[in-house]
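With these hints in hand, go ahead and build the complete structure from the sequences.
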Amino acid sequence: MATSEKAEPTRRDFLYIATGAFGAVGAAALAWPFIDQMNPDASALALASIEVDLSSLEEGQSMTAKWRGKPIFIRYRTAKEIEEAKAVDVASLIDPQSDEERTKPGKEHFLVQIGICTHLGCVPLGEAGEYDGWFCPCHGSHYDTAGRIRKGPAPLNLELPPYDFISDTVIKIG
Amino acid sequence: MSGHSTFQPQNGIVKWMERRLPIIGLAHSSFVAYPVPKNLNYWWTFGGILAFCLMAQIITGIVLVMHYAPNTAIAFASVEHIMRDVNWGWMLRYLHANGASMFFIAVYIHIMRGLYYGSYKEPREVVWILGVVIFLLMMATGFMGYVLPWGQMSFWGATVITNLFSAFPIVGDPIVELLWGGFAVDNPTLNRFFSLHYLLPFMLAAIVGLHIWAFHEAGNNNPTGVEPKDAQDTVAFTPYYTIKDLYAIVLFMIFFVWMAFMVPNFLGHPDNYIPADPLVTPAHIVPEWYFLPFYAILRAVPDKLGGVLLMFGAIAVLFVLPWLDTSKVRSNTYRPLGKQFFWIFVFVCIALGYLGAKPAEGGYVIASRIATVWYFAHFLVILPVLGLIEKPKPLPNSISEAVLAKKGGSAAAAE
Ligand code: HEM
Ligand code: FES
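Protein chains in written order, with the working numbering: chain A, -13 to 160; chain B, 59 to 473.
If you're looking for bench data, these hints aren't it; they were derived computationally from the structure.
Just so it is clear, the structure is predicted and the values come from calculations on it, not from any experiment.
Treat each hint with caution, since some may be false.
Cβ-Cβ distance ranges computed for the label pairs, FRET-style [to be verified]:
1) A:ALA17 <-> B:PRO417: 38 to 46 Å
2) B:ASP231 <-> A:GLY160: 16 to 24 Å
3) A:LEU79 <-> B:PHE260: 45 to 53 Å
4) B:LEU367 <-> A:ALA17: 38 to 46 Å
5) B:ILE265 <-> A:TYR2: 56 to 64 Å
6) A:PRO141 <-> B:TYR412: 23 to 31 Å
7) B:ASP231 <-> A:PHE20: 17 to 25 Å
8) A:GLU113 <-> B:ILE447: 31 to 39 Å
9) A:ASP27 <-> B:VAL72: 29 to 37 Å
10) B:THR300 <-> A:LEU142: 53 to 61 Å
11) A:ASP81 <-> B:ARG142: 42 to 50 Å
12) A:GLY55 <-> B:LEU367: 23 to 31 Å
13) B:ASP288 <-> A:PHE8: 53 to 61 Å
14) B:TYR412 <-> A:GLY55: 30 to 38 Å
Glycine included, every Cβ here is placed at the ideal spot set by N, Cα and C.
Okay, structure coming up:
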């Protein structure tokens, strides 16, 4: 056996590789259901939408609704809070968003947001923190009166749920 | 396995078996005839103690499962049912809950032992890496176990820890939803954590098997860090170390039982006796004590992704430690500087643990940052540099020589 030249790929080599590749694809295809079963199931996805009546809220009051297992903060903001939120230079924010972008036109006194800190998911406390908005005690994130992150480890503003006013005082979330 | 397998069965049945499945011979060469350096001190008994802890957790866990229900509607009540109604239920649960803490006390001592005596160095790198894998699996198991009673700390601990993954760009949120099986920690999460909490200890047992296999191949390290030269330097595992390990296990059990019976909730958190409420976060959430140093590192960084990366990095750096420490000398007994930096490192780890339990504000944050920097500097700067500049003390020629010099004074060593 003195020949050191590389042997030409044979039909058998091809068959080995083809069989192996076929098996690998099959194994990956089979693995997928075992992984995907962990994803949110049909019942969790059934995008339960809820309707919330805001007529009982007075200026300066808040309420918490529950949607998709998450708290929804609804606040009837005071004139002072709205003023504070509008006075901020948007470009200077960590996650720049104007107050208008966070409310519905004509309904700017209502702020509707998902009450989950964008850091690691705690529920912040209302009317607290250095910016009169929300304060998350878990690792010290401060949100302003428009729910925008101002200070602390959280990277983003409080998330807004999809919602619409279906009448003057009733909103539909989801 | 290395060493003198002297197993010569006399008994007919054993002979018959050995011819077919040599399992008794394997056990004999692994746990009876296995040669061990004769100078191991009590820090070496923590391996046996850890094996005991794993068994204790598996046994108490399996019986708890006979009464526990992994459903958010009744999980909390089922744990209370264990505490109040089930025969001996209070004892089984307290043994399991405190057993987890005992397990971590033992593993931290065991890891520090390895760091002090250089047990991660050639040829024990694989032993060490398997050890870090065991540590990771233990953390995953402990974390998921703590979720099962479905109290406030269970729920919010689960929320915060799973949210760590949301820090990663793009893949983060899909991963978190995959972990939750929904849009928040909820019943699917509890169910899968229960399934994995049952599974992981058995995977742990398998990795422990590999860990033992690996160090039986390399041989035990010892307080001098000098490899055994001849049969004079070793003794058989049985009876010498079986008895020494058992003695240490009994002392450890006394401490364990004292904790479980006298101060069973000392290491727990009272908020976990409040049922989980997804709408209210407790004012001051803390993880179990054994995660505190890592939690302090997470909070030391003002950036979300940065904090998460450093926290995972704090464990990842352990994997490459064998290649970071440049010193040729294993044992810190012979490293005048290494020894001092070792104790500073121990102090830094304890300080991080303390800071992790404090609110993330003011001086605590600054102290956490200093300690975090030191933690990483220890591995990435101090250990690599120290090996190059330090002048170690002379090593003994053999284990026997070191033992005689210590025990018999200069007279015996002089000869
Ligand atoms: C590495 C080994 C293990 C560790 C570190 C561990 C850790 C824990 C922890 C910290 C808890 C929470 C205790 C509490 O505060 O109430 C827990 C609960 C639980 N564990 Fe484990 N565990 C281990 C093995 C097992 C095994 C093997 C099983 C089952 C076969 C099991 C079943 C349970 C059950 C049913 C609970 C809920 C009841 C309770 O909260 O006391 N565990 N575990
Ligand atoms: S979860 Fe809110 S600051 Fe960390």
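Here is how each hint holds up against the structure:
no., hint, result
1, A:ALA17 <-> B:PRO417: 38 to 46 Å, "holds (44 Å)"
2, B:ASP231 <-> A:GLY160: 16 to 24 Å, "holds (18 Å)"
3, A:LEU79 <-> B:PHE260: 45 to 53 Å, "holds (50 Å)"
4, B:LEU367 <-> A:ALA17: 38 to 46 Å, "violated (28 Å)"
5, B:ILE265 <-> A:TYR2: 56 to 64 Å, "violated (33 Å)"
6, A:PRO141 <-> B:TYR412: 23 to 31 Å, "holds (28 Å)"
7, B:ASP231 <-> A:PHE20: 17 to 25 Å, "holds (21 Å)"
8, A:GLU113 <-> B:ILE447: 31 to 39 Å, "violated (57 Å)"
9, A:ASP27 <-> B:VAL72: 29 to 37 Å, "violated (54 Å)"
10, B:THR300 <-> A:LEU142: 53 to 61 Å, "holds (58 Å)"
11, A:ASP81 <-> B:ARG142: 42 to 50 Å, "holds (48 Å)"
12, A:GLY55 <-> B:LEU367: 23 to 31 Å, "holds (28 Å)"
13, B:ASP288 <-> A:PHE8: 53 to 61 Å, "holds (56 Å)"
14, B:TYR412 <-> A:GLY55: 30 to 38 Å, "holds (35 Å)"
Hints 4, 5, 8 and 9 from the earlier list are contradicted by this structure; the remaining hints agree with it.
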